[in-house]
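**Q** Read off the chains here:
2 protein chains.
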Amino acid sequence: MLKEMRITEFLEKTASKDPVPGGGSISALAGAAAASLVEMVANLTRGRKGFEDVSEEMESISRKAARYRERLTDAIDADSAAYGKVMDAFRMPRDTDAEKGARSRAIQEALRLAAEVPLAVAKDALGILPLAETVLKKGNPNALTDGLVGVMMAKTATLGALNNVRINLASINDVSYVARVSADVREMEVLVVQMEKDILVGTQS
Amino acid sequence: MLKEMRITEFLEKTASKDPVPGGGSISALAGAAAASLVEMVANLTRGRKGFEDVSEEMESISRKAARYRERLTDAIDADSAAYGKVMDAFRMPRDTDAEKGARSRAIQEALRLAAEVPLAVAKDALGILPLAETVLKKGNPNALTDGLVGVMMAKTATLGALNNVRINLASINDVSYVARVSADVREMEVLVVQMEKDILVGTQS
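Protein chains in written order, with this note's numbering: chain A, 1 to 205; chain B, 1 to 205.
Isolated chain A (complex conformation):
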């Protein structure tokens, strides 16, 4: 599993001419890193003197961020696996009409999964931002920079994953599915940029 690789090894594999892991898995990794940083700030706050009032809230954020971290770490593998299924489908035989039909259906099904995985990554990465906002507002100020890097990583993870959704949508034939998901993608793209801006401005003041 990619997530159990050493960092050096995982990055070497990314850099190689194999198409996976690529931008999709890296977006998931960025999201998992963002979750880790938010979790860290919450953990550096809860139970500390001077932060008694927010200790319970920080414990709850720490637990939520840990779930995002685990889910996004799993997505490093899920994204590459989904791409592998698309490649497998493209390699199916296409000598007869029946084979052509089966291959085409398998490709479409695989492409949909390859869109759904980064869509889930984008949603999770977006979900980290409100947690990040709270730890930046109420958490240990010594860890402010860690929280800020978390915000930027969550935004990049979201946009990177949405880019991967788009590229798969481009080959999907189901027009109503493509229209629906494209609208979601656009909405999330606007939302994440605005959320990051609001959090960064709110933190400076």
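There may be inaccurate statements among the hints.
Put simply, identical chains are the same to the list, so a pair is met inside one copy or across any two.
Derived DSBU-like pairs (lysine-lysine); straight-line CA-CA distance at most 30 Å [to be verified]:
#1 138 to 13
#2 17 to 49
#3 123 to 197
#4 138 to 85
#5 100 to 13
#6 197 to 17
#7 13 to 123
#8 197 to 13
#9 100 to 138
#10 64 to 100
#11 137 to 49
#12 137 to 17
#13 49 to 123
#14 13 to 85
#15 100 to 123
Hints were generated in silico from the structure; no laboratory data involved.
For this one, chain A is given, so just place chain B on it according to the hints.
**A** Relative to chain A, chain B alone:
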């Protein structure tokens, strides 16, 4: 070493209440991931049919990106080690005037190193962007999304690292050093945002 940890283990350690690894090491990781993606696009281009004209350029980019990847991966550890030295200096005895002086000098020296490490990360991450621009313009279009995620990760790595420079500058007493590095930080912040914008706009058209 952090860079030899499994991804899951490294992210768990980031999430823990230990102050390192934190935003500095994650910024270095983001830069290393960006370099990996650019290297991958170059490797997916060189030697391919239809890309004969750019094969040599792609080989050169692949080699340069690999060096950035290795240096930025090393910086995951260097950043956390630099923070450790600051903490060590703060723990020095301060009972006599001589001890107070030695401690203060050690703290200042450690803070400067803790600023220099992320400054080098920011410079390397920024250096990835022109390579990314070239692979996006001339490279294998099948890997376009990977290149775009690389651009976003390089920008985030730069801004994240510069945030870590700033936080250390805030405690450094050498006014002329702080003024000089602050000016560099501001210049790089403006530059990276502009470069990312130019590349993304240039890629869409």
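**Q** Hints first: check each against the structure and report whether it holds.
**A** Hints versus structure:
no.: 1; hint: 138 to 13; in the structure: between (39 Å within a copy, 22 Å between copies)
no.: 2; hint: 17 to 49; in the structure: between (51 Å within a copy, 15 Å between copies)
no.: 3; hint: 123 to 197; in the structure: both (18 Å within a copy, 24 Å between copies)
no.: 4; hint: 138 to 85; in the structure: between (44 Å within a copy, 28 Å between copies)
no.: 5; hint: 100 to 13; in the structure: neither (33 Å within a copy, 49 Å between copies)
no.: 6; hint: 197 to 17; in the structure: between (36 Å within a copy, 27 Å between copies)
no.: 7; hint: 13 to 123; in the structure: both (26 Å within a copy, 24 Å between copies)
no.: 8; hint: 197 to 13; in the structure: between (34 Å within a copy, 28 Å between copies)
no.: 9; hint: 100 to 138; in the structure: neither (58 Å within a copy, 34 Å between copies)
no.: 10; hint: 64 to 100; in the structure: neither (45 Å within a copy, 43 Å between copies)
no.: 11; hint: 137 to 49; in the structure: within (17 Å within a copy, 54 Å between copies)
no.: 12; hint: 137 to 17; in the structure: between (43 Å within a copy, 18 Å between copies)
no.: 13; hint: 49 to 123; in the structure: neither (34 Å within a copy, 38 Å between copies)
no.: 14; hint: 13 to 85; in the structure: within (19 Å within a copy, 33 Å between copies)
no.: 15; hint: 100 to 123; in the structure: neither (35 Å within a copy, 51 Å between copies)
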